[in-house]
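Engineer: Heads up, the sequence shown is in this note's numbering, so the first residue is 1 and it goes up one at a time.
Take these hints with a grain of salt, some might be off.
[To be verified] Computed spacing ranges between beta-carbons, pair by pair:
hint: 1; residue 1: Gly30; residue 2: Ala51; range: 34 to 40 angstroms
hint: 2; residue 1: Phe57; residue 2: Leu78; range: 16 to 22 angstroms
hint: 3; residue 1: Asp14; residue 2: Phe62; range: 22 to 28 angstroms
hint: 4; residue 1: Ile23; residue 2: Met67; range: 15 to 21 angstroms
hint: 5; residue 1: Arg69; residue 2: Asp14; range: 31 to 37 angstroms
hint: 6; residue 1: Ser59; residue 2: Leu19; range: 21 to 27 angstroms
hint: 7; residue 1: Pro17; residue 2: Gln76; range: 24 to 30 angstroms
hint: 8; residue 1: Val12; residue 2: Met45; range: 30 to 36 angstroms
[Said to hold, decoys possible] Derived DMTMM-like pairs (lysine to aspartate or glutamate); straight-line CA-CA distance at most 25 angstroms:
hint: 9; residue 1: Lys80; residue 2: Glu58
hint: 10; residue 1: Lys80; residue 2: Glu48
hint: 11; residue 1: Lys80; residue 2: Glu47
hint: 12; residue 1: Lys20; residue 2: Glu56
hint: 13; residue 1: Lys11; residue 2: Glu58
I should point out that these hints are in silico values taken from the structure, not numbers from a laboratory. The beta carbon of each residue, even a glycine, is placed where N, CA and C say it ideally should be.
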Amino acid sequence: MTDSGSSNTLKVLDDLPMLKDPICIAAFQGFTDRSGETVDTVRFMIEEWHATPIAEFESEPFYDFTMTRPQVKNEQGLRKITW
Numbered sequence: 001m002t003d004s005g006s007s008n009t010l011k012v013l014d015d016l017p018m019l020k021d022p023i024c025i026a027a028f029q030g031f032t033d034r035s036g037e038t039v040d041t042v043r044f045m046i047e048e049w050h051a052t053p054i055a056e057f058e059s060e061p062f063y064d065f066t067m068t069r070p071q072v073k074n075e076q077g078l079r080k081i082t083w
């Protein structure tokens, strides 16, 4: 993990509206969500409830680059990197 010395891991997307009894629903892609059901469920709830995301995490400080390696392919002479 990298440490940039900043605690700006949560980015507010817009001015926060007045919230009444707010809840946070979060899903994380990766090892714990191999088949994508967790992220797909949250996407479904966003569409069903017409929800508007108000913030997002900067994922890089939480990402362990020593455990996951990118896959590199050569497609028509260009390198394509997939994490």
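Engineer: Each hint needs a verdict: does it hold in this structure or not?
Structural biologist: Hint-by-hint comparison with the structure:
1. The supplied range of 34 to 40 angstroms is broken by glycine 30 and alanine 51, whose beta-carbon atoms lie about 22 angstroms from each other.
2. Restraint check, phenylalanine 57 to leucine 78: a C-beta distance of roughly 30 angstroms breaks the suggested window 16 to 22 angstroms.
3. With their beta carbons about 23 angstroms apart, aspartate 14 and phenylalanine 62 fall inside the hinted range of 22 to 28 angstroms.
4. Checked against the hint of 15 to 21 angstroms, the pair isoleucine 23 and methionine 67 fails, with Cβ atoms roughly 31 angstroms apart.
5. For the pair arginine 69 and aspartate 14, the supplied restraint of 31 to 37 angstroms holds, since their beta-carbon distance comes to about 36 angstroms.
6. Restraint check, serine 59 to leucine 19: a C-beta distance of roughly 24 angstroms satisfies the suggested window 21 to 27 angstroms.
7. For proline 17 paired with glutamine 76, a C-beta distance near 47 angstroms fails the hint of 24 to 30 angstroms.
8. A hinted range of 30 to 36 angstroms is violated for the C-beta pair valine 12 and methionine 45, which are about 20 angstroms apart.
9. Annotation: proposed proximity of lysine 80 to glutamate 58 holds, straight-line Cα distance about 23 angstroms (limit 25 angstroms).
10. Restraint check for lysine 80 and glutamate 48: not satisfied, since their Cα atoms lie roughly 35 angstroms apart, outside the 25 angstroms limit.
11. Between lysine 80 and glutamate 47 the CA atoms are separated by roughly 31 angstroms; this puts the pair beyond 25 angstroms, and the hint is violated.
12. For the hint pairing lysine 20 with glutamate 56, the CA-to-CA distance comes to about 20 angstroms; that is within 25 angstroms, so the pair holds.
13. Among the hinted pairs, lysine 11 with glutamate 58 is consistent with the structure: their alpha-carbon atoms are about 7 angstroms apart, no more than 25 angstroms.
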